[in-house]
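> Spelled out, the chains give:
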Amino acid sequence: MYWDMNCVDTENIFINSLSSFSKEEFEHRCRRLHNVLDENDLSSSMSGNHKGTDPVPLVICPEEWKKLEEGIAQRARLFNALAEDIYGEQKLWKNGKLLSSLLFANPDFLQVAWKVKPAFGTFVNLAAVDVARQSDGTFVAIADHLQVPEGLGKALENRIGVSRAFPELFRSMRTERLAGFFKKLLDGLNELQESQDNHDKGKVVLLASGPDNARRAEDAVLARYLGIPLVENDDLAVRNLQVYMKTLMGLKKIGTIFRRVEDGMCDPLELRIDSGEGAVGLISTARAGNVAIANFLGTGVLETPLFKPFLSEICKELLGEELLLPDVETYWLGNSADAKRVLAEPEKWVFKKIFRDPGTFKAIEPKAYASMTTTAQLALLQTIENTPEEWVAERSVDIATDYGYRNGEVDQAIALMRFFAVNTKSGTSVMPGGLGIFQFIDKSKQESAAAKISKAHILEDEVLEKDIWVLSERPVANFSLLAPADQAIMPSRAGGDLPSRAAENLYRLGRDLSASNMMARIARGIAVRLSDESWTEMPELSWILKAGLADDSLSMLSQDPENALRYFILRKDNKNGMQCILTEIRDLAVQLRDRISEDLWLYLNGFGVAEMPAGAGAAALLPYLKAVLSDSAAVAGLAADSMTRGHEWRFLEIGREIENAIRTLQLVKSLLSTVPADETTNLRLLQAVLEIGDGLMTYHRRYGGRLQVAPVIDLLLSDESNPRSIAYQIARLQEETSRLPGNSSGEAAFSPLDRELMRVLTDLRLANVEVLAETVGYNRENLVKLVDEEIRNVERIAETISRLYLNHAPRSGVVHATTTEVSEV
Amino acid sequence: MPIYQIDHETVYDYNLPVLYSNHLAHMLPRQVSRQKWISHSIEVEPNPTARQERLDIFGNRVLAFSVEQEHTHFSFKTTGVVEVGEGEPPKAGETMPWEDVAKMILHPTSAETLDASMYAYASPFANFDNSVRNYALESFEPGRPLFDAAFELMTRIYTDCKYTPGATRIGAQPQEILRGRKGVCQDFAHLMIGCLRSLHLPCRYVSGYLRTHPPKGQPKLVGADATHAWASTFIPGHGWVELDPTNNVLGGCEHIILAWGRDFGDVSPLKGVITGGGDHTLRVGVNVDLKE
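Protein chains in written order, with this note's numbering: chain P, 7 to 831; chain R, 5 to 296.
Because the hints were derived from the structure by calculation, they are not lab data.
Listed below are the simulated DSSO-like cross-link pairs for lysine-lysine, each with C-alpha atoms no more than 27 Å apart in a straight line:
1) Lys123(P) with Lys190(P)
2) Lys431(P) with Lys123(P)
3) Lys107(R) with Lys103(P)
4) Lys209(P) with Lys121(P)
5) Lys189(P) with Lys431(P)
6) Lys95(R) with Lys107(R)
7) Lys100(P) with Lys107(R)
8) Lys72(P) with Lys190(P)
9) Lys107(R) with Lys346(P)
10) Lys121(P) with Lys207(P)
11) Lys209(P) with Lys190(P)
12) Lys275(R) with Lys123(P)
13) Lys40(R) with Lys275(R)
14) Lys252(P) with Lys275(R)
15) Lys107(R) with Lys322(P)
16) Lys107(R) with Lys97(P)
17) Lys207(P) with Lys123(P)
18) Lys121(P) with Lys275(R)
19) Lys359(P) with Lys107(R)
20) Lys322(P) with Lys431(P)
21) Lys73(P) with Lys189(P)
22) Lys95(R) with Lys40(R)
23) Lys121(P) with Lys259(P)
24) Lys189(P) with Lys259(P)
25) Lys100(P) with Lys359(P)
26) Lys431(P) with Lys207(P)
27) Lys190(P) with Lys431(P)
Chain R is faced by these chain P residues, among others (derived, beta-carbon under 10 Å):
28) Gln117
29) Asp273
30) Glu276
31) Ile289
Ideal Cβ positions, reconstructed from N, Cα and C, are used throughout, including at glycine.
Sequences are here, hints too, so could you generate the full structure?
This is how it looks when you write it as structure tokens:
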């Protein structure tokens, strides 16, 4: 035994098995876990105060699970039946036992959902419940999540990490797999369409919250794992009581919406008019039975803690059963006898508002209460006494001690468990596993037993996560959604289903990649020269500075070029600087998370995130620029290697080519439009333009060491065998755009887009480089005329492509999405 | 009983084409005990693509429709003939004490009281705070019969507030109305509703029309030739009693009901979400003509 076990006595088999690891080996496993989680970057984005995932899972033994599973499943059925009554007959309310405020004072009661029948009567397709294990070994329900339950994606990620870190324990302990549950969830979403009249089967999509919603990262995880498209409100169109997804190939019918947005945000016509999410006309469509929505509209009403005091009664009434998994003891303070008792010892209770609070009110726990000043305590009690009907009080839960790993020790902690269940046509299934949320017990602070309870709401405090391992009595079958035992689990994603919004993001990503590449190459050209001691004697430098940093003040350029360069490369607040583009690349990657490969994601997510230059001097900037350029090369290579040649790839390429063409034209213009007085400067300029335009090697191979204007212009403008030339970019654009829907070259007539591209290509092919090289005075007028003309042409082509295919306002905001690569879960 | 012909026209003109639009209308006739629709018709231009009629939770007939062809002109016209009678008002001093009603509403024991309880709580446009409650309490002395107190409250709102078009925004909350003491029929209805709900009493928002009188000796009723709004409260053993704080009268044969809900937001006569359209001009014309 190499371990400092602060716990002397545990039934956690995982902990008891740890003695088979050396401490070094265990540390190594922990690093493996964190690597897996870091790659996915889910944890950091899910909640600002998340501190990671514990390597030690919560373990639930088979006998214990059997009872728990029944209880969780019953609650999922019960809340479904409750929703059915609330939006249907309301028979529970007609005998005077239940308060009318439970229905009609609740802002989450959705009037428009009244008497609307969901497919198969299922309101709650996915349910979650937070459960605590009490010191006496019994389980108690703390809170139910019945509208858009969160945490399923986190549970999946934690499972992937912990099971990969400890594969032998995972197998030998016979841990139940999660994949079967996800299959049931997916099957359930699919089957909802069976009740729709139309024979034409629609798609199952996940309607995600906006990109700046904290839940968005998890939405991407779920969409990827379930293999269904992630859509946003912009992707949806309602036409003639039917919901469609806008794609490049036109409108595609949607049959089921797995929604991750709140009730009130689903339809701006009938719900909140300011809702940015959802689709206009969705409610009418759902009413007509033309689209299934999971969870169904209106399920938010079920989440009030005001149901708790009545739930066991409701269970008898609706299901004719005893409530198996009881709630934490809860009283409605509108009942004066209860209020009196509770307020006599306020330090023992958790106070909650009964309904969603438009402000920022959080539950007041004993710990928080104890830390309040006497005046504040009195003020709170006064508030409660003034409006007792708006409050419930929950008894502090004495949570059983559990264990976690920190600083080389196994230490005591307390945990909450969130479990998930699905209701489908064929019944209710509970996920054998879940999301554990825990905190270490701080012994140094001598926490009292009363303070311990505040952990019942640790969701809001600084928390760590845990995987939950449910052990099986029998050997566990290997089954994964990614290696399906039977077919039709993972619908294939045809290229035509590319939502217009995703196409736009790929196009912008392509443009940004090219822009950052050109910026880094110009910056490198400057930095290399500045790091030479004799830089003041380099006449070409002022040209390059103007080419790259012209947006800055010219006086700063000449007086302190190094500072100007740093400002350009490093400053995040420089709107014309490189960091802005790099940030946008990373943001776009996040939005495209569900459409790009694992490796590409890794590079894009860390694009330009290299060690910042330390120390003064232009030379210090070079390693950073090198890192950006190698990220750029890696992404280009990975995209070429790993992306299938569908529309995804096409829009990325189109964006890159357009930006490359424009930037190269601008480079040629700024370095070659005027002729320096002396020949040395002229030669140095030619050298620089080749170097930045990445043509130096080719030039030397073809023409030897002699630099002349005409062949340089030819190489950069017209030479279609040079992949950096503008002609090459335009030829590639022609090739890719010809494959876009509605722009097929099979048509007899050329499309306007074809014509514009052909005009540019012909101009470049017919250009006489000798004529372009001619000078009038100090100016190459012919070259300037051609370059200006082509810049305008390419910009017009970009506009045409946007108008025809993209045409979506860019969405703002940052999200961090994630991955799922699944082995055994 | 008077018979009216009612013409109600809503016309939008846009300076750019609307690509498609979705609308919700609360203008289908609703039959109630004191009023009977003899005929009713609707004309929409351009022709709606999808059309769905349904009953909402308040019992109103709602028309949801979409227009999916490009248009720069949209009009929605209704024409109806309706016979309207008086309700029977409760007698002063004979209704239940208001506190007992509040208790019944919190613990409903019948479909009727459960339905009434729907209108007893804060809603998006009819919230309340302590100022509203204190204002209401001046009329609601302990044990006072509900009808007496409610009638007095209506009269106080009529006396305290000045009818001032344009003084308030659409959807001003009761406490704002109370502070400013001005507004239009919608605001006074919302204030009345907020007051009653602050005491846990049910009160609903009624949307409809008001008969116009030519100014001949008697004062002209405000709200003529436009849509009108008033309040209605539930009195157990009697039913719903309509109170019009804008005119200090009970709802009667000059109040023609279209729909009711918790507040204006539930029964807005015609609302829509449009895509495209640019700027628009709106014209609403209402005519209430006495036929016999």
